[in-house]
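2 protein chains.
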Amino acid sequence: MLLLLRRCRRLTAGLSPAQAQRARPAASPAPSWCGVGGGSRSSSGGGEDRQTAQDPRWRPALAGLLVGTGAVLAYGLHHHKAERPLAPMEPALPVFSQAEVSKHGSLEAGVWVTFRGGVYDITDFVAMHPGGDKILLAAGGALEPFWALYAVHSQDHVLDILSEYKVGELDPEDQARQRAVEPSDPYSGDPQRHPVLRVNSAKPFNGEPPPELLGDSYITPSAIFFKRNHLPVPRVDPASYRLRVEGLPRPLSLSLADLKSRFPKHTVTATLQCAGNRRSEMNAVKQVKGLNWGIAAISNATWSGALLRDVLREGGWGPEAAAAAAAAAGRGARHVQFEGLDADASGTTYGASIPLNKALSEEGDVLLAYQMNGEDLPADHGYPLRVVVPGTVGARNVKWLGKVIVSREESASHWQQNDYKGFSPGTDWDTVDFKSAPAIQELPVQSAITQPADGAVLERDADGEVTVRGYAWSGGGREVVRVDVSLDGGKTWQVARLREGEEQGEEQGEAPPPPPLPGRAWAWKLWEVVAPLPPGEQQVEIVCKAVDNSYNMQPDSVAPIWNLRGVLSNAWHRVRVTVRED
Amino acid sequence: MLLLLRRCRRLTAGLSPAQAQRARPAASPAPSWCGVGGGSRSSSGGGEDRQTAQDPRWRPALAGLLVGTGAVLAYGLHHHKAERPLAPMEPALPVFSQAEVSKHGSLEAGVWVTFRGGVYDITDFVAMHPGGDKILLAAGGALEPFWALYAVHSQDHVLDILSEYKVGELDPEDQARQRAVEPSDPYSGDPQRHPVLRVNSAKPFNGEPPPELLGDSYITPSAIFFKRNHLPVPRVDPASYRLRVEGLPRPLSLSLADLKSRFPKHTVTATLQCAGNRRSEMNAVKQVKGLNWGIAAISNATWSGALLRDVLREGGWGPEAAAAAAAAAGRGARHVQFEGLDADASGTTYGASIPLNKALSEEGDVLLAYQMNGEDLPADHGYPLRVVVPGTVGARNVKWLGKVIVSREESASHWQQNDYKGFSPGTDWDTVDFKSAPAIQELPVQSAITQPADGAVLERDADGEVTVRGYAWSGGGREVVRVDVSLDGGKTWQVARLREGEEQGEEQGEAPPPPPLPGRAWAWKLWEVVAPLPPGEQQVEIVCKAVDNSYNMQPDSVAPIWNLRGVLSNAWHRVRVTVRED
Numbered sequence: 000m001l002l003l004l005r006r007c008r009r010l011t012a013g014l015s016p017a018q019a020q021r022a023r024p025a026a027s028p029a030p031s032w033c034g035v036g037g038g039s040r041s042s043s044g045g046g047e048d049r050q051t052a053q054d055p056r057w058r059p060a061l062a063g064l065l066v067g068t069g070a071v072l073a074y075g076l077h078h079h080k081a082e083r084p085l086a087p088m089e090p091a092l093p094v095f096s097q098a099e100v101s102k103h104g105s106l107e108a109g110v111w112v113t114f115r116g117g118v119y120d121i122t123d124f125v126a127m128h129p130g131g132d133k134i135l136l137a138a139g140g141a142l143e144p145f146w147a148l149y150a151v152h153s154q155d156h157v158l159d160i161l162s163e164y165k166v167g168e169l170d171p172e173d174q175a176r177q178r179a180v181e182p183s184d185p186y187s188g189d190p191q192r193h194p195v196l197r198v199n200s201a202k203p204f205n206g207e208p209p210p211e212l213l214g215d216s217y218i219t220p221s222a223i224f225f226k227r228n229h230l231p232v233p234r235v236d237p238a239s240y241r242l243r244v245e246g247l248p249r250p251l252s253l254s255l256a257d258l259k260s261r262f263p264k265h266t267v268t269a270t271l272q273c274a275g276n277r278r279s280e281m282n283a284v285k286q287v288k289g290l291n292w293g294i295a296a297i298s299n300a301t302w303s304g305a306l307l308r309d310v311l312r313e314g315g316w317g318p319e320a321a322a323a324a325a326a327a328a329g330r331g332a333r334h335v336q337f338e339g340l341d342a343d344a345s346g347t348t349y350g351a352s353i354p355l356n357k358a359l360s361e362e363g364d365v366l367l368a369y370q371m372n373g374e375d376l377p378a379d380h381g382y383p384l385r386v387v388v389p390g391t392v393g394a395r396n397v398k399w400l401g402k403v404i405v406s407r408e409e410s411a412s413h414w415q416q417n418d419y420k421g422f423s424p425g426t427d428w429d430t431v432d433f434k435s436a437p438a439i440q441e442l443p444v445q446s447a448i449t450q451p452a453d454g455a456v457l458e459r460d461a462d463g464e465v466t467v468r469g470y471a472w473s474g475g476g477r478e479v480v481r482v483d484v485s486l487d488g489g490k491t492w493q494v495a496r497l498r499e500g501e502e503q504g505e506e507q508g509e510a511p512p513p514p515p516l517p518g519r520a521w522a523w524k525l526w527e528v529v530a531p532l533p534p535g536e537q538q539v540e541i542v543c544k545a546v547d548n549s550y551n552m553q554p555d556s557v558a559p560i561w562n563l564r565g566v567l568s569n570a571w572h573r574v575r576v577t578v579r580e581d
Numbered sequence: 000m001l002l003l004l005r006r007c008r009r010l011t012a013g014l015s016p017a018q019a020q021r022a023r024p025a026a027s028p029a030p031s032w033c034g035v036g037g038g039s040r041s042s043s044g045g046g047e048d049r050q051t052a053q054d055p056r057w058r059p060a061l062a063g064l065l066v067g068t069g070a071v072l073a074y075g076l077h078h079h080k081a082e083r084p085l086a087p088m089e090p091a092l093p094v095f096s097q098a099e100v101s102k103h104g105s106l107e108a109g110v111w112v113t114f115r116g117g118v119y120d121i122t123d124f125v126a127m128h129p130g131g132d133k134i135l136l137a138a139g140g141a142l143e144p145f146w147a148l149y150a151v152h153s154q155d156h157v158l159d160i161l162s163e164y165k166v167g168e169l170d171p172e173d174q175a176r177q178r179a180v181e182p183s184d185p186y187s188g189d190p191q192r193h194p195v196l197r198v199n200s201a202k203p204f205n206g207e208p209p210p211e212l213l214g215d216s217y218i219t220p221s222a223i224f225f226k227r228n229h230l231p232v233p234r235v236d237p238a239s240y241r242l243r244v245e246g247l248p249r250p251l252s253l254s255l256a257d258l259k260s261r262f263p264k265h266t267v268t269a270t271l272q273c274a275g276n277r278r279s280e281m282n283a284v285k286q287v288k289g290l291n292w293g294i295a296a297i298s299n300a301t302w303s304g305a306l307l308r309d310v311l312r313e314g315g316w317g318p319e320a321a322a323a324a325a326a327a328a329g330r331g332a333r334h335v336q337f338e339g340l341d342a343d344a345s346g347t348t349y350g351a352s353i354p355l356n357k358a359l360s361e362e363g364d365v366l367l368a369y370q371m372n373g374e375d376l377p378a379d380h381g382y383p384l385r386v387v388v389p390g391t392v393g394a395r396n397v398k399w400l401g402k403v404i405v406s407r408e409e410s411a412s413h414w415q416q417n418d419y420k421g422f423s424p425g426t427d428w429d430t431v432d433f434k435s436a437p438a439i440q441e442l443p444v445q446s447a448i449t450q451p452a453d454g455a456v457l458e459r460d461a462d463g464e465v466t467v468r469g470y471a472w473s474g475g476g477r478e479v480v481r482v483d484v485s486l487d488g489g490k491t492w493q494v495a496r497l498r499e500g501e502e503q504g505e506e507q508g509e510a511p512p513p514p515p516l517p518g519r520a521w522a523w524k525l526w527e528v529v530a531p532l533p534p535g536e537q538q539v540e541i542v543c544k545a546v547d548n549s550y551n552m553q554p555d556s557v558a559p560i561w562n563l564r565g566v567l568s569n570a571w572h573r574v575r576v577t578v579r580e581d
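Chains as they are written, first to last, in numbering that gives the first Met the number 0: chain A, 0 to 581; chain B, 0 to 581.
Keep in mind that the hints were calculated from the coordinates and are not lab data.
Please note: incorrect hints may appear among the correct ones.
In this list, chains with the same sequence are indistinguishable; a pair is considered to hold if it fits within one copy or across any two.
[Unchecked claim] Simulated crosslink set (DSSO-like; lysine-lysine; CA at most 27 Å straight-line):
1) K288 to K490
2) K285 to K490
3) K490 to K434
4) K285 to K202
5) K434 to K402
6) K102 to K490
7) K133 to K402
8) K434 to K288
9) K402 to K490
10) K133 to K102
11) K402 to K259
12) K259 to K434
13) K165 to K133
14) K434 to K133
15) K285 to K434
Turn these sequences into a full structure, and let the hints steer you where they fit.
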């Protein structure tokens, strides 16, 4: 109970005094604020619990959540937390002018917004808003431009929530004026994508290639390389583009030409993987919050650019600066932050950070990359410049890079602080404390079967063999040293052949990849087993698991690594196939 | 089949022409050499197959095995490979003089040895000998001094094997002379050990502390720190001791005083773990070859000494040497070899190597340590000098260090090449190819429950709670960030409290350990859960699993990580307790 009270205090701490007062009626017993004790539970028609947001008890527990992907979580959370049935709608509501709405532009004056001709007093919802204070940017105005940016709002239950706050109708003349200035779709500048990609989210765009294509090509062609955007793709003019580098003895402002001419060009073949790769398998155990990735939110490419290490040294981060930082004993720089040029309506950009020692290490190979697979970066992959942090989760490989900051603290961004972290399977949205887990950097060992597909029907032909192919990779530069494959659900295992040398690129006539340097195995390995199908079996479960050179192995099953965000899904991969006798 | 033939050729390649001829009768069909095709199988009374070693077919497959721990493997292998019942003993055997025996001192002349008054012609066994050619050192003489050194021979089935080769009796007068010169026990110089240690092998000494002691003390007292020796403890005179450092622009010869005065003293708290820790759990699945360690072949200590990096720089391994090595493109130095002063009867010393980049890294913290827990190294832990390679398997932390060699190749020692490697559960002694797996360096994430003990009986008292404690650690400097504990066999999980700060050393009044630097979390974490016992249950299975900051997790179960050497046993740890109602 003590722990619980401490949690409540912590969560309330971020609110302004006015908010805190609203959020904390003196008569309300402490435990109920955190949603653990008290409260009756009833169910609405839709089969999901619901609660009017005026109920103050949930606000503190929600105030910590922020924008972006987090939004989808917390709208789910609203549902999850709901305890009262939807209040009946008022039969007749007053009409307000835009001028009257505009007066309600702060927590003190109340927060009103308009949406599709309705007027809403969302004052009590502010503290619950998954996107945090950002909602105040809409205060006194229209919601439409914000919802256009965050497509997560385009869900029926979000409208249901909003409807609870309706207080009136907007004057029809003001409605007409509003329509005239409605912004265009912020995603209208996004590039065309290859139709073969499976789209997990259109705005922002998130798509993955078909697994059978992925597993056939050591280097993933840029067009089918998985795409994971958090915001609209920004249009960047390469001529006026400048990279700003801060937190150094000599801050830098570098043009593309500077980056290409003043620093040696360094090329690295590196696999990028989204933290949410294979999330669908966690969903199959118990629903998580996040994009429903299959096994192909991972791809491998060749990246070229300047070494971040070289750029930091140009800015004066030599041995002396390092020594000074070390002498500062805990007060020195420990992180390198990256800010993207992709931004939301408020101007907040995508951001992330990595440990400074990774950036400075001779063996870190962190790139400020301007090329992918030998060509300029495609728009979806960060044109004109992105960070490539080999061995590190995709989320830290910031695209459309605008700024690099050497700093004492990690990035304060939502994606660094309140997303992309792993938790125990026993941790739920009531108990999660994002501060308790480290931001994902290196990813654990991973592998998956790209062929045959789950559910495939195989003909048992004369030789009775099946060809199983897949990929395997591990974070932190740890080389995959073995892949075990089972054709009987994991009871017996055989060792797959790692497709090295010219084979890896056989379909494209590429040069064979060189063997990785020790501790710098940034690229995946493709593998293959050709083995007899178990005789007489019509249902065969094929399983794979990889081992890296620290001898870490994939865990056996999904449930014990399940986590509420569905990240780090790296249990043995299983596909079930049906064998038809010829 | 092609692969098989290639394997046979490779294995035969190490033999001398004479050996190869013996090993390869022209009439024998190729497949049978590798023991895959042909051959009838029959069983002797003891329930294990047996084969007279005169049968040449097994020799090539065995010739690659070497001395030390390997011996126990290959004596098992002899059993395993046997296909013919024991030949009946000759009723009367001739008597030979030592002079006659001495004539048989080579493969050409035949290899005879004596043992306890018997004379044995072991010519045909030489190629099968697990210890390799080393057996020739005994040719024409007595086996006793060798068997005294390698206690692995003190097994009934080894005597059974020897009996197959008996050709006569030694002249009683020569027997008397032999007894007069029998060497003393090479282990007689070993130090006294604390009686609390559980002894897994007396000669060489291998022992582990009781788990409940281990889990109660952040720093393991030196006396109960697990001890893993491969050979007798050498007696080293600190005054005349010199460390030789080779493979550098300026080779070094350093006295203890040099090491203490010419290099800054560096202190690191680091956990060492034997690759075979928790091997007993693999034995429970299927018998493996190796010492039957429980969960306590792991301990944590504070080590002080010179940084290996500083010593290598003193020898001229500066940025220039590194650049030259890099320019040598694959022909440059990649490894640092360590040779111990512990040696067998032939003078072969214990040896191992680590990657050069680990040794040179500013963040590698590799020590030439002369102190453990603030005092001179104890004899069992390498007095006067040992290597401490934080984050790396115990086997590379060479004790009684005699020589350091910067080299292009890994150590050629048995322990680097043909031991301390991991294999697929499907790989057995017939199919194993030690060249196919990398030498273990960094270890995978690990944790175990030190309290309560497996099989404990707990009283359910008034509060109905149980206290569960344990350790957690990961290799490569990866910090343990979470330990999950289950009281229902792994169905549901709660997060353990990592016992940080002053708690860690509470039993000893030590100062709290500082938080680890990023990537340099060399020390374990102790953890604790106090939780209600499941109501009504009389049999409770407690399980733990750890997660490190690369988010690697322990695999669920032992069978899928089982390997023929029983190393890398890091599945979830389970203890079963009985709850008695009060």
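Structure-based check of all given hints:
no.: 1; hint: K288 to K490; result: between (33 Å within a copy, 22 Å between copies)
no.: 2; hint: K285 to K490; result: both (25 Å within a copy, 14 Å between copies)
no.: 3; hint: K490 to K434; result: between (40 Å within a copy, 26 Å between copies)
no.: 4; hint: K285 to K202; result: within (25 Å within a copy, 53 Å between copies)
no.: 5; hint: K434 to K402; result: within (25 Å within a copy, 47 Å between copies)
no.: 6; hint: K102 to K490; result: neither (69 Å within a copy, 55 Å between copies)
no.: 7; hint: K133 to K402; result: within (22 Å within a copy, 64 Å between copies)
no.: 8; hint: K434 to K288; result: within (19 Å within a copy, 45 Å between copies)
no.: 9; hint: K402 to K490; result: neither (51 Å within a copy, 46 Å between copies)
no.: 10; hint: K133 to K102; result: within (18 Å within a copy, 94 Å between copies)
no.: 11; hint: K402 to K259; result: within (17 Å within a copy, 46 Å between copies)
no.: 12; hint: K259 to K434; result: neither (39 Å within a copy, 43 Å between copies)
no.: 13; hint: K165 to K133; result: within (20 Å within a copy, 90 Å between copies)
no.: 14; hint: K434 to K133; result: within (21 Å within a copy, 59 Å between copies)
no.: 15; hint: K285 to K434; result: within (24 Å within a copy, 43 Å between copies)
Violated hints, in rising order: 6, 9 and 12; the structure is consistent with all others.
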